[in-house]
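Visitor: Next come the chains, spelled out residue by residue.
There are 2 protein chains.
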Amino acid sequence: MFVILVYDFDKRRVSKALKIARKYLYWVQNSVFEGEISEANYVKLKAELEDIIDPDVDSVIFYTFRTQKYSKREEFGLKKGGEEFIL
Amino acid sequence: MFVILVYDFDKRRVSKALKIARKYLYWVQNSVFEGEISEANYVKLKAELEDIIDPDVDSVIFYTFRTQKYSKREEFGLKKGGEEFIL
Numbered sequence: 001m002f003v004i005l006v007y008d009f010d011k012r013r014v015s016k017a018l019k020i021a022r023k024y025l026y027w028v029q030n031s032v033f034e035g036e037i038s039e040a041n042y043v044k045l046k047a048e049l050e051d052i053i054d055p056d057v058d059s060v061i062f063y064t065f066r067t068q069k070y071s072k073r074e075e076f077g078l079k080k081g082g083e084e085f086i087l
Numbered sequence: 001m002f003v004i005l006v007y008d009f010d011k012r013r014v015s016k017a018l019k020i021a022r023k024y025l026y027w028v029q030n031s032v033f034e035g036e037i038s039e040a041n042y043v044k045l046k047a048e049l050e051d052i053i054d055p056d057v058d059s060v061i062f063y064t065f066r067t068q069k070y071s072k073r074e075e076f077g078l079k080k081g082g083e084e085f086i087l
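So the protein lines, in turn, are chains A and B.
Residue 34 in the working numbering sits at position 34 of the first sequence, and the numbers go up by one each step.
Residue 29 in the working numbering sits at position 29 of the second sequence, and the numbers go up by one each step.
Worth flagging that the hints you see were computed from the coordinates, not collected in a lab.
Among these hints, one or two may not hold up.
Stretch-level coverage of chain A by chain B, calculated; a stretch enters the list once three of its residues show a Cβ under 8 Å from a Cβ in chain B [to be verified]: (1) 2 to 10; (2) 15 to 24; (3) 46 to 57; (4) 63 to 73.
Think about it this way: if two alpha-carbon atoms lie no more than 30 Å apart in a straight line, the pair counts; the simulated DSS-like pairs of lysine-lysine are [said to hold, decoys possible]: (5) B:80 x B:23; (6) B:79 x B:16; (7) A:11 x A:80; (8) B:72 x A:16; (9) B:79 x B:19; (10) A:72 x B:44; (11) B:11 x B:44; (12) B:44 x A:19; (13) B:72 x A:80; (14) A:19 x A:46; (15) A:11 x B:72; (16) A:23 x A:69; (17) A:46 x B:79; (18) A:11 x B:79; (19) A:80 x A:46; (20) B:79 x B:69; (21) B:44 x B:79; (22) B:11 x B:80; (23) B:23 x B:44; (24) A:44 x B:72; (25) B:79 x A:16; (26) A:11 x B:80; (27) B:72 x A:69; (28) B:80 x B:46; (29) A:72 x B:11; (30) A:23 x B:69; (31) A:80 x A:19; (32) B:11 x A:19; (33) A:16 x A:80; (34) B:69 x A:69; (35) A:19 x B:79; (36) A:79 x B:46; (37) B:11 x A:69; (38) B:19 x B:80; (39) B:79 x A:79; (40) B:23 x B:72.
Beta carbons: idealized from backbone N, C-alpha and C, even for Gly.
Between the sequences and the hints, there should be enough to build the whole structure, so can you do that?
Guide: Following this line, the structure appears as structure tokens:
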């Protein structure tokens with residue numbers, strides 16, 4: 001399935017969150033990641049983020065799609081990440 | 001159609017971008033907006049953001065969906081925005 005992940009972590013935790021998210025998804029913009037992911041890895045990714053989250057401060061949203069058939073993606077301005085981008 | 005907007009504007013332009021995005025969509029997290037939008041308003045929203053963007057610095061991504069049938073949304077941690085949230 002296809003996933004878009006957006007998060008907002010306090011700066012004390014954001015580098016940990018970045019490291020976790022990049023294990024599973026592509027970084028596309030500050031705090032935004034996307035990619036194809038298996039159900040098993042999606043469960044792992046959520047669990048790893050839940051391990052570090054402070055639920056009173058941080059925020060995580062996952063949008064998951066069984067198909068990309070009905071989606072379109074338009075980007076303008078600086079292209080900051082993507083599949084071909086190595087940080 | 002349903003739109004998810006994520007942006008990354010330089011701090012000199014981010015308040016303008018926020019003001020524009022909130023005319024059309026709901027704010028859900030720092031730099032993340034979503035909502036149902038007409039094709040006409042989608043064109044307007046893009047034009048307004050393109051008016052202020054510095055394409056060498058700023059970044060805007062739109063994910064558009066004709067249907068939400070195949071999508072799921074999971075959120076954890078602090079709920080920062082949403083339809084019921086008035087800034």
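Visitor: Any of the earlier hints contradicted here, and which numbers?
Guide: Violated hints: 2, 12 and 37; rest satisfied.
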